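All chains, full assembly: derive it from the sequences and hints.
Line order of the protein sequences matches chains A and B. Here our numbering is used: the first residue of the first sequence is 1, the next is one more, and so on. Here our numbering is used: the first residue of the second sequence is 1, the next is one more, and so on.
Do not rely on the hints blindly, as some may be mistaken.
Said to hold, decoys possible - Selected chain B positions facing chain A (Cβ under 10 Å, derived; list incomplete):
#1 Thr-119
#2 Lys-490
#3 Tyr-494
#4 Thr-516
#5 Pro-520
What the hints assert, rightly or not - Using 20 Å as the maximum straight-line C-alpha spacing, the simulated SDA-like pairs for lysine to any residue come out as follows:
#6 Lys-29(B) to Lys-690(A)
#7 Lys-349(B) to Thr-478(A)
#8 Lys-483(A) to Asn-379(B)
#9 Lys-245(A) to Gln-111(A)
#10 Lys-169(B) to Asn-773(A)
#11 Lys-678(A) to Gly-798(A)
#12 Lys-752(A) to Lys-43(A)
#13 Lys-169(B) to Ser-39(B)
#14 Lys-483(A) to Gly-307(B)
#15 Lys-23(B) to Trp-601(A)
#16 Lys-483(A) to Ile-346(B)
#17 Lys-29(B) to Ala-524(A)
#18 Lys-322(B) to Ser-39(B)
#19 Lys-23(B) to Asn-498(A)
#20 Lys-253(A) to Lys-367(A)
#21 Lys-169(B) to Asn-726(A)
#22 Lys-29(B) to His-522(A)
#23 Lys-876(A) to Gln-111(A)
#24 Lys-690(A) to Asp-102(A)
#25 Lys-169(B) to Asp-102(A)
#26 Lys-678(A) to Asn-726(A)
#27 Lys-23(B) to Tyr-569(A)
#28 Lys-367(A) to Thr-478(A)
Simulated from the structure, these hints should not be mistaken for lab results. Here the structure is a predicted model, which is why all the values come from computation and not from measurement. Idealized CB from N, CA, C, for every residue including glycine.
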Amino acid sequence: MSLFAAIITTLLISLSGFAQSLRVTGKVTGSDDKSPLPGVGIKIKGTILTALTNNQGEYAITANTGSVIVFTSVGYEPREVTVSGSTIINVTLKATNSKLEDVVVVGYGTQKRKDLTGSISSISSKELATAQATTFDQALQGRVAGVVVQSASGQPGGGVSVIVRGLGTLLANKDPLYVIDGVIIPPNASSSTGGVYLGNNQTNNNPLNTINPADIESIDILKDASAIAIYGSQGSAGVVVITTKRGKIGAPKIAFDTYYGVQSVVKRIPMLDLQQYAAFINTRTLTQGGTIRPDFANPQFLGSGSDWQKEMFKSASTYTGNLSVSGGDLATKYLISGNYFNQDGLVVGSDFKRYSFKLNLDNQTTKWLKIGNSLTIASIKENVNSSQYNVVGSALGLSPEIAVRSDDGSITFPPGFVGTFNPNPIAAAALNTNDLGRTQIFGNIFAELKFTKDLVFRSEYSQNFDFGNVTQFNPSLTINTSKTQSRAFVQASNNKSNTLRNFLTFNRTFANELNLNVLAGHEASTGTYTYLTGTRTGFVANDPIGLSLGDALTATNSGGSNNYANEAYFTRLSLNYKGKYLMTANLRDDGNSNFAPGNRWVITYGFNAAWDAAKEEFLKDNGVVDQLKIRAGYGLTNNANVPGYSYGASVSLQTVGLGQGARVNNVANPDVQWETTKGYNLAVDLGFLKNRIQLTADAYYRKTDNLLLVAPLPLYAGITGTGQLNAPTVNIGSIANQGLELSLNTRNIEGKDFTWNSTFTATIGKTKITALNDANSFLTGIIDNGQISVTRTAVNGGIGTFYGYISDGVYKDAADLASSAKPRGQTVDARNGVWIGDAKLKDLNGDGFIDQADQTYIGSPIPKMQFGFNNTFTYKNFDLTVFFNGNLGNKILNYERLKHTDPNGGGNYFTSMLDYAQLALRDPAGSNTDPNNVYVVNGNTNIPAIRISGNPQTNTAVSSRFVEDGSYIRLKNLNIGYKIPQTLLSKFKINSLRAFISATNLFTITKYTGFDPEIGSALPSSNGTNSLTTGIDWGHYPNPRIFTFGFNVVL
Amino acid sequence: MKLKYKRFTLAFVCAVVLLAGCKKDFLNKGIPQDQLTTSTFYTTEAELQMATSYLYGQPWFDYNWPFSYQLTEVQSSNVVSFSWNGGARSFLNFAVPSNSSDTKYGWSSLYNVIAHSNTTIINVNERTPESLGAAKNTALGESHFMRAMAYFQLVQIFGPVPIIENNNKVAEDPNLKPIIVKDVYRFIINDLNKAVRYLPLTNAKGHVNRWAAKGLLSKVYLTYSGISGTRDQSSLDSAKTYALDVAANSGLVLASNFGDLFLSKNNNALPELMFGLQWSVSAASAYGNNDQRQTQLEGSSDIDDVGGGGWGGFRISADLAKLYSSTDLRRKQTFMRAGDTYPELITAKNPNGYAMSDTATLYIKKYIIGGPLANGGANIRPQFNNIPTYLLRLADIYLVLAEATLGSASSTSDANALLYFNKVRNRADPSLPALTSLDFKTIFTERRLELAGENQFWFDIKRWHDWNPAAAENFVTAQHRNMASFDPNKGIYYETAIPNMGELTIVTGIKPQSWTLGYPAADLTSNPNLSQPPVPYY
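This is how it looks when you write it as structure tokens:
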């Protein structure tokens, strides 16, 4: 492409006048890497003469001697050069790095960062590129102050939890509002495949995984109440505005980015091998008076048995290729791109593929009309077997004596299990089909009418079509002696939404001092979700698996649809006096169909003011402080994040034993209301030493009232198990969030060949429940199909704080047993009561018994601080990015350890279990059921002993024993790149070529003993689907370590 | 000028569009299109019947299996299981932990039945037009019956329990205290009195009628009579009155053959069934409307040959097996022993029916109905079989009549008691002469033989324990909680220890508190009020 002659665009008029007219040419380069800058705007000051540089940075313009040429380009300081007579003017533009000139999306408009009054964080495409994330939300982690990001699962394309300024809601959908090129993805919108059952270890199906991170130009995160207010009801948990790349004026640019990577598991948990297992089982059998299994008689002759971790983790590859063509002239700008992404899962039965295409157009049709569009077509395919069968959790529990495969390599099934995969999840993942496919088409068309110089009307229509296909197939297999029946389930769904928004913007600067910007508009959205499902059994063969090939007599189907609507009127007023005094006020009236007719409309508002002291006379030209901006704001936002029709009760029909039956699905709450949040923000933006040091610090306080929650009720409310009545959604209390967020950008070294920039972000937040409907009440987080309560959320406490007993070692001997509190109702008895070697719990209330009243708070899953530290180094043509992130001060409930370190439990064990309490007899000839004759040899252990029979629940009670420090520091990304020198490239007609190698999750410093301390909010069970059960390691799919190699080439 | 004018018009039009907004009904969305809503339901006879039909299945699912079977059959030692079934083993030895998933499922399932009954009662009262008259009453009667049945199970299993009449109110004030046993019974009796008043004498197939309500009332009074520690005569009298009313006036009769009761072709066709949980084998039925018992209980997956089964490892105990006389026709319908052939249990592999050949253990027969070929082509498959779970049948009421008539006396020769008792006994064994006098042990044993495997026996032992704790406890501790092998040649049972369980089958775990189960741990933790002493309801 560089063969093309320089394309020079000169517009409108050729000058007439008496000054000498010159044709000036030259080349514009950037100060940062000396590379030519295409698309630099060139203008003769005081005229409308303009030109642009071509791909080689070359330009030509007609000018007069003495006139001033202004060079402008985003990301560089503008430069003015006076024409003196020379016809060749080469210019180097200095990279600003200050970010103050960056354009930030504020909702229905943009502002320069230096003029912001609200709290908005931004991420550029450059930062996204180094993160190499599967989905863009992963890339936010540690890069945005005030936003806590945790991946819910390491499954490729899996869910990511993004929490802006602390949890302000207890409902499952606490994510921010995503607005992608004007397409609204509301926080409670599931994707078209969202409702599909994904097994006990349900991963959030990520509705954003169709979006190719490489297509994104910038991400702006609106954090404070006032900034959010313009988005009204849907944005109360923050707003993430995503702008995709668009064409720029200049010659066609063809870019190809690609990388290939290899993923591996970072850590394995030591578990018993077959010899250890057999030896342990022998010991236990003898203790319990049984006879040793003949096959275990000589453990030393056994092999090592099945290593289930080896079976479930695999080395997996990842690949992406992204090709884009972009360019444009003053009339039309275009960008076309195509992407392929493929990531194999680390765990068997998981992978992710994405194909996407993009077309963005902008056209200046007439002087007063501008039209354009954004369009993305994406298709993904995910294999979710690993989640469906909870491969990680299930495989950890399997004993090494169970063979995964037979000698010929085929997968086997444990003897005794007839007609069921249990318990071989590797087989289940390998042989069954669980595919989610989605095809999403989303985008907008817009027209902008310029009525006058100041008054612009914009009309935007956006549409999102999301088609989902779920295919599940269980083949017919002979498992041991019995044949299973083949079965297919398919779901086709169609999730459509559209938004029409119209708004007027009036923007005028009075006397070069006061800028007034007024916005007023209307927005209406509707969405419809339609689905159709079918099942059949008894397939002719196991391949192909089309539904029609099953036995028609077994066919079942279901289907239906749901819809919603939102409507809003909004207005905003911004004032800017000399960039010194700034003010923004927002008002929005929102209507939402989720509420009963009388409760549908609500007012949202926000107010922000800012003062930049550095622009005052007394600080002018001080040479040290470049910016000293103080911002303050207050706003009230409302959240409609409640399932539709919660105000009524629905009735579903089903086939029952007596024919057609009608089931009431839920308890209605006709009074369900908006959740309201009052937010205060106080912030300072500082720039020092020519903005080489820039600091933004925000302090916030948010109080949410009328907290919405699916009422966490006791079992006797009839709300769990099969045939339950779903609990109502209620407004149950208040939450306060306060926090401090810091973002520090420094340009540490700016040498000729060597530069070093760093960014440090930190989020320190605290969440407190300030009220519940009853001051003494509390909410309980329950996991394991409603059996195990693990957290408590009470007034003055945090959200989902672990709640259980304090571990106090084991009962060491008769004296210890006699003097310590025992479980209520238990007598000292080796067979059926409490016994020496049992886990001892602290009697907190001192009543002499261990019972529910002795439970207490044993740690919070919410990090006290999340941080990121990014360093970018360049040396000549080399660049290096080193990005650390981490969590500090959170706890993890290691539920896997609870399950696998009980010597009286089943399945396999962590090797740490072998430190169980060893019982010995004082008189070897005496009785082992006489307490006075038994003692614990290793008295300092806290793992209970092998029992003769029985197993008091205290041995496996949720206690401080299983709560671990979840803090970690991780080298998240390391990226080394090399730009091939221009001189070399020009021979091959290549504009630029950069090759890189990169490593993700290279190392992690943590005390946590599980696979991965990044647990997030993986949802352990059907009961754990809300904020009350986070930070619980339940067969969590760990994040992989990835090494990649790739290159970016521009023709 | 012209351009400016045009733009002005355009601006005006845009402003109008902006201000006008959407039509008023734009936001009238969000009402589900794949479901109905309670605000428009309950207005036709068909809708009322759909509402009540639901109450017989899905809400009971978690109670039906495995909780209720393990509690009533395993804890009572009619049935034992292999040691690897830890859940069943804990019931066998009175060692059910409070975090037992079985208990949790049983408890929440019964409260699910209550929740749906409450909702139906409230909605029918509020929304069904009076013009539906009889149909409205029937729906109310069935819901009250269903709620009474669920509370009756709860109070027998757990003792004092929270009472919920309106699930919207529980959502507002969830931390309830348990209600004293006496008041739970009063609540049950109130519900049943309403059911008697509302229910018709006959009802749709499978749906309860007035006689079922009266029958249950007799049983509730009988149980209630002993809760104070001695048998209360007025309650016994009520039990007797209602039972005799059913026996003498209902027109219901016993099935002529005991075995007919457990054939799927007779589902809901025999008048002896008064109330049963109803299950579906339809390919279209939703999860929870299926009955897993055959799949779990069968001794061999060859019996139904639908792919897998027998996972629970349940076998008949030596204790029960030895109790049946050689001529008792119920024996073969209750369990299989080596040498038995069941011509009706046809499969592709066994065209002449299933022949039991395993001499090592005794297989369960009751509720084992075989595969599609044995059931007229019904869509029987793993975890799907279609015979109702009998919770109330006429023979049960006949035996209630005998027990209520006997009361605290050591024996009775009451004519009615003898008449109906002998009907049950005679059907089982026509060779036996009619009895002329009944004592407690006779009635108690007859109930066990008749109703083994039908979710009753533990409640019989418990009812006995209420007024004679020492005798009941002695009975339990003397039981042989072991499996039995059978020698078909000699016709002798040999008691065999359950593999890997050794001496554990000797009951060591029974304690005074074993007679009721503890509340599920999850509720104890979330609601401290549940650990408080029970309070009166009235």
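Now for the hints, and whether the structure bears them out:
no.	hint	result
1	Thr-119	5 Å, holds
2	Lys-490	29 Å, violated
3	Tyr-494	21 Å, violated
4	Thr-516	12 Å, violated
5	Pro-520	6 Å, holds
6	Lys-29(B) to Lys-690(A)	55 Å, violated
7	Lys-349(B) to Thr-478(A)	17 Å, holds
8	Lys-483(A) to Asn-379(B)	17 Å, holds
9	Lys-245(A) to Gln-111(A)	18 Å, holds
10	Lys-169(B) to Asn-773(A)	13 Å, holds
11	Lys-678(A) to Gly-798(A)	19 Å, holds
12	Lys-752(A) to Lys-43(A)	29 Å, violated
13	Lys-169(B) to Ser-39(B)	19 Å, holds
14	Lys-483(A) to Gly-307(B)	6 Å, holds
15	Lys-23(B) to Trp-601(A)	14 Å, holds
16	Lys-483(A) to Ile-346(B)	19 Å, holds
17	Lys-29(B) to Ala-524(A)	13 Å, holds
18	Lys-322(B) to Ser-39(B)	57 Å, violated
19	Lys-23(B) to Asn-498(A)	16 Å, holds
20	Lys-253(A) to Lys-367(A)	27 Å, violated
21	Lys-169(B) to Asn-726(A)	14 Å, holds
22	Lys-29(B) to His-522(A)	19 Å, holds
23	Lys-876(A) to Gln-111(A)	34 Å, violated
24	Lys-690(A) to Asp-102(A)	16 Å, holds
25	Lys-169(B) to Asp-102(A)	55 Å, violated
26	Lys-678(A) to Asn-726(A)	30 Å, violated
27	Lys-23(B) to Tyr-569(A)	14 Å, holds
28	Lys-367(A) to Thr-478(A)	73 Å, violated
Hint compliance for this structure: hints 2, 3, 4, 6, 12, 18, 20, 23, 25, 26 and 28 are not met, and every other hint is.
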